[in-house]
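Participant: The lines below spell out each chain.
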Amino acid sequence: MPTQPSGALSGRRVLELADATGAYCGKLLADLGADVIKLEPPGGDPSRRMPPGDSSREGGEERLSFLYMNTSKRGVTLDLRKPESRGLLVELASRADLVIETLPPGTLDSLEIGYESLRQHNPRLVLTSITGFGQSGPHRDFRSSDLVASALGGAMTVTGEEDDPPVRLAGSQAHVAASTVAAVSSLIALLASSQRGEGQHVDISVQEVVGSVSHICGVGKWLDDGIIPKRRGTGLFASVPSGAYPCRDGSVYLMVNRPLHWVALAQWVHEVTGNQEILDPMFEGPSSSRLPYRELLDLFISDLMCQLDVEEVYREGQRRHIAITPVNTVAAVTADPHLAARGFFEQVDHPTAGRLTYPGAPYRHSKTPWRIQRPAPTPGQHNREVYCDELGLSEAALQTLESKGVV
Amino acid sequence: MTLDLRQPQAVDLGKRLVARSDIVVENYTAGVMDKLGLGYAALEQVNPELIMFSSSGYGDSGPCSRYVTWGPNIEALSGLSRLSGFPSRDCTLTQYAHPDAISALHGLVAVLAALDHRRRGGGGQYINLSQYEATLAGIGHVMMEGLALGQEPARSGNRSPEAAPHGCYPCRGEDRWCAITVATEPEWERFCHVLRKREWLDDPRFASLAARLDHVEALDAEIASSTRGRTDYELMGALQEVGIAAGAVQNAEDLARHDEHLAARGFLEQVEHVVKGTVTATGIPLGLTGTPGRSGRAGAAVGQDNDYVFGTLLGMTEEEIERAIEAGAIEPGGDA
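These protein sequence lines are chains Y and D, in that order. For the first sequence, the positions run 1 to 407 when the numbering used here is used. For the second sequence, the positions run 1001 to 1336 when the numbering used here is used.
Just so you know, the hints here were simulated from the structure itself, not pulled from any lab data. Keep in mind that a hint or two might mislead.
Straight-line C-alpha distance at most 25 Å; calculated SDA-like pairs for lysine to any residue [as the list claims (entries may be wrong)]:
#1 D:Lys1035 - D:Ala1327
#2 D:Lys1015 - Y:Lys82
#3 Y:Lys82 - Y:Arg119
#4 Y:Lys367 - D:Ser1021
Here chain D stands alone, though its shape is the one from the complex (with noise of 0.2 Å):
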């Protein structure tokens, strides 16, 4: 639906929106809101049991409230991205913007737990996020150590101070790689096995976690040596035979062409698209068994339910619909 809330009219139509609606959900930047007269404290008056959800880089508070950003920059921001990747490299950042998957299931989480309060007795409220506290509290753990130890905590890579080997080692092909976790002595002994390594097993570099540890990059090395030969869901299979953790790493046309497993549970979803037809989509992770839902559309075009929502919803007749986009209130539905 499309509502242009600088113009008055809209602004009006947003509040009956908002009286017969259960969460608002918004992004603007800070402020944006309250000057368009669509702050909290207005629909509060509007429906007090309404859940208001403002997210934005920064929170609605402090100094750089109005700053702006994208996901990537939260990522940067919030020290991911340096406390992120291999030592050699000076930060590290993913290509999908992680912190706006996290903030948003936060965001979820804290309007979840609001409903919750309301549904015993408790009404609505308002709750503001900040992306940047949202991905901090997610890396709490490892800031901790920062904080307490008054140190950077150190860039690991792929390795882990729990575990070795623990890595991505090369396979056969391009660009194809498979992640490993050992996590136990009885699995190093059956990892060597796999590998055709007995010989690791009598060498004393490798003759315990600490021992690896300690020889952690003639370890990695001799392992890929190993690894080169073999493809990757080969070895991942022979691994997990053995009860190793290990993993193909994935890129999109793995995930929607050859992992059985991801198929098998029916993970990835047809879709209607307005222009596209059926597409294929990336499912739903949230696995209610009981109530399990589903995407019921990829996205919808400009303004494609302004009959649903002005009409139905609200009662509009059609003569009020077409006056409210004559005055520039409504942008008429579009092509997507």
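In isolation and in its complexed conformation, chain Y is listed as follows (with noise of 0.2 Å):
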């Protein structure tokens, strides 16, 4: 059953041969209606997998994690490790327009499915590769992960407070916007070959796209400035002030980027408060002139929001047109009334893991609505569709592939 042509991008074709370090590209791909086939080894990914000590939902044998990461998807399996594997992949491919794999490099090369192969094929194709350290340069065969394109690519150095170990963030942001740049590339890589008649190679190091979304502390600063930015808790250097400050009953996020958001401030703390000194004209304008009396200006902050609620705050505060939001739970997103006015959740039925609520589209088009067009797949659920309606292999052909352990 092909997916609706409601989607983008219905009517593209997609393989994906891609674990958990590629998963959102073929998801961010899906949603928006592109036929995303993902290939996985019999017995399905490994990151299907609940990891030990991690405590399995009663009932679901699928890891929510990997639920969220292949919405929208069909599923098959391939061993690609046999030979007879081959064929299958290449007959794959020729109907694809993209190829999505996160393979080490030179691993399709070895089993004569990489780029050049495939093209000979389907000179439209395009393959992008998501790998730690892309396909060329010394570390190319250097082994990654989450953290470690975290830490090299210059991110974990500014995470964090002073006095404490470089951190990450959670939800393996690396991985996430490496997969959101490979689906740019993707598209880019898609239009450009719907014109030229040619597809490309697409080559994302997950290294690189960490050092591009942190780079307004990368190297063009520090040449600028000669300043290696480096954490400082949870304000930012330039923006005074600005931080998380405590409240009665949990903490918000304050940021004054503009003279008049100071002056409103300054006002509001005056009036709950007040205090006179904060109304001094020397702490206005720019975040430059307020620079020298960070701490100050803290203290005199603080002495308003730990009086009140977080509530209180986020709503007088927005109300004054002041950058202030809750410091977020889990628990308060998904209460959130906004989240829910503009009906953000959804409510996905899955064969083994039930129902479940999913966080939703990242983008309204008014035309091409975003849209989880099925639940992710069960290990080989759609096998027979693709391999005997779609590429014509008979019954018996897939029972012996089966027997054999291709499929």
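Fit chain to chain and form the complex, with the hints in mind.
Facilitator: In structure tokens, the structure reads:
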């Protein structure tokens, strides 16, 4: 059953040979309507399984992160190490616009299904490779992980508290960012392929993506002013005031970047706490004029915040056009009336995991709505559909492949 | 280029530019473009093939659509700051406003997909992005845990439930660290050899992944006391030599001076800046080997391209441009 022709990418066919490093790339394209076939080793991708020490959800066989990262895809199994698999893979790639892969550099070549081989069969094909260090350079064959890429790319040195070790963000953000860049590049390459009649190999390095995402703390800044950006807690170096401030029942994040926002904040602090000093014109203007007084001003502001609840600070601050937001828990995000009003969360039924709530659309197209087209596939769920109905294999041939462990 | 969109003539010039554009990207507060007469409904009349992309903190609908935010606000609002970092801290933030990049990249995906749809005859359309929601989408797999299990996911710092050791360990020098992921049992054996701690292989606390996870505090403390005497790059090299994921925690200077791999790949770019001359900048990680673009220049001075835009593109005469400047619709080009 082909996906319904509603998404912006409906009609595009994608083959995904990706582990958790690149699964989000396939999800982005699949939720936009592309027909993404996820190719897994027989038995399923290791990222399906619960890590040891993780409390398994009652009744659910699939890991929650796998369910999320693989929405809207179809699933087939194929053991690339078996010689019989090559013909099937070439056949699948010949019918695809795009192949996404996350295998170590050179792996596809050694299986004779690298870019040069595949383009012989399908000159318009785009092959997108996502690896820790990219397809060239002295570290090409180095091993990577979300943590290692976050370190080498320059993000960890500027995340967290000055007195703590460098730390990474939750949710494998190096891999998420790399997958998103991979989706961008793949779409550019697809448009170019449509114009030129010729595909290309897209070479995504997770390290480079991290370097790019964190670039405002990167080489340009250092070369410009000689300052090496470091961790400095929750406040930003160039914005005064900025940071997380404790309230009675939680914390809010406050950031003043405009002279008018400062005036509004100072007035509010004055009204509630009676502080006269904060109205001093010497504190007005851009952040640079407040830079020498950061700690003093933080004390003034804390006098206000510590008297109030998060909800009060948030609503009243925003009423005064000050950039204040709660430091939210997952529970608070889930209960946010703004997200409810926009219908952000989606209910999805999965054959084994049941009905669960999923975070929804990252963007909204007026004509071609984003949509979770189907739940994440179970291992080999679409083998018959893809191998028999679409590639024309007979039932007997499929059974032979199954018995040999190829699919 | 400069246009004062509060001037009626500027709005007209804006529409003439839109008529010959593929994409409009804007991130004013929700509702501002409509008020200026430049909302999608108006621009669609001028150019039915237009793809218009609007990005704001909360998106263009819902009770908070006009709220004021910056990137770090979204980091906190989305839950990312509370999910990240060491358990001892209330919340953890980046210095680079992570949601800014994540939202922009998601926006690119949305716009390019719309271009692909248009190329196949689907026409133009309007796309709205909420930076809050795009950031949530990027941590959706963590959100699911809270949604399905009804409990807050634990803050685990640099640790992982799937690998141990998995952390950032101190090395010789000030603020020098090496990040290490030991993914399998054979890797653990090789790790102990590289750290010259073969006795760990006989230690029942470290005998399996489950055991190491149970004794992860002791494990990390012992590793740290062993890595302190080594330099980050030497340790990284020794571990990579035996196939273990390891990397120095690089800062801006390291990226520019010490990373031979990035240098060999030509990742950093030399870009022209209008005042500073040739500057070194972080490259674009798109990896398009068949159609490699590059950054043409580093920003531009205010109004630097007015003559090109109004003269060459719109075909206005010098007198017409002069009159638009006098009317206040165009601000004359100035210094950076």
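Participant: Evaluate each hint against the coordinates.
Facilitator: Comparing the hints with the structure gives:
1. The suggested pairing of Lys1035 (chain D) with Ala1327 (chain D) holds, with an alpha-carbon distance near 21 Å, which does not exceed 25 Å.
2. Of the supplied pair hints, the one linking Lys1015 (chain D) and Lys82 (chain Y) is violated, its CA atoms being roughly 59 Å apart against a limit of 25 Å.
3. A threshold of 25 Å between alpha carbons decides the hint, and for Lys82 (chain Y) with Arg119 (chain Y) the separation of about 22 Å falls inside it, so the pair holds.
4. Proposed proximity of Lys367 (chain Y) and Ser1021 (chain D) is supported: the alpha carbons are some 19 Å apart, at most 25 Å.
In this structure, only the earlier hint numbered 2 is contradicted, and the remaining ones agree with it.
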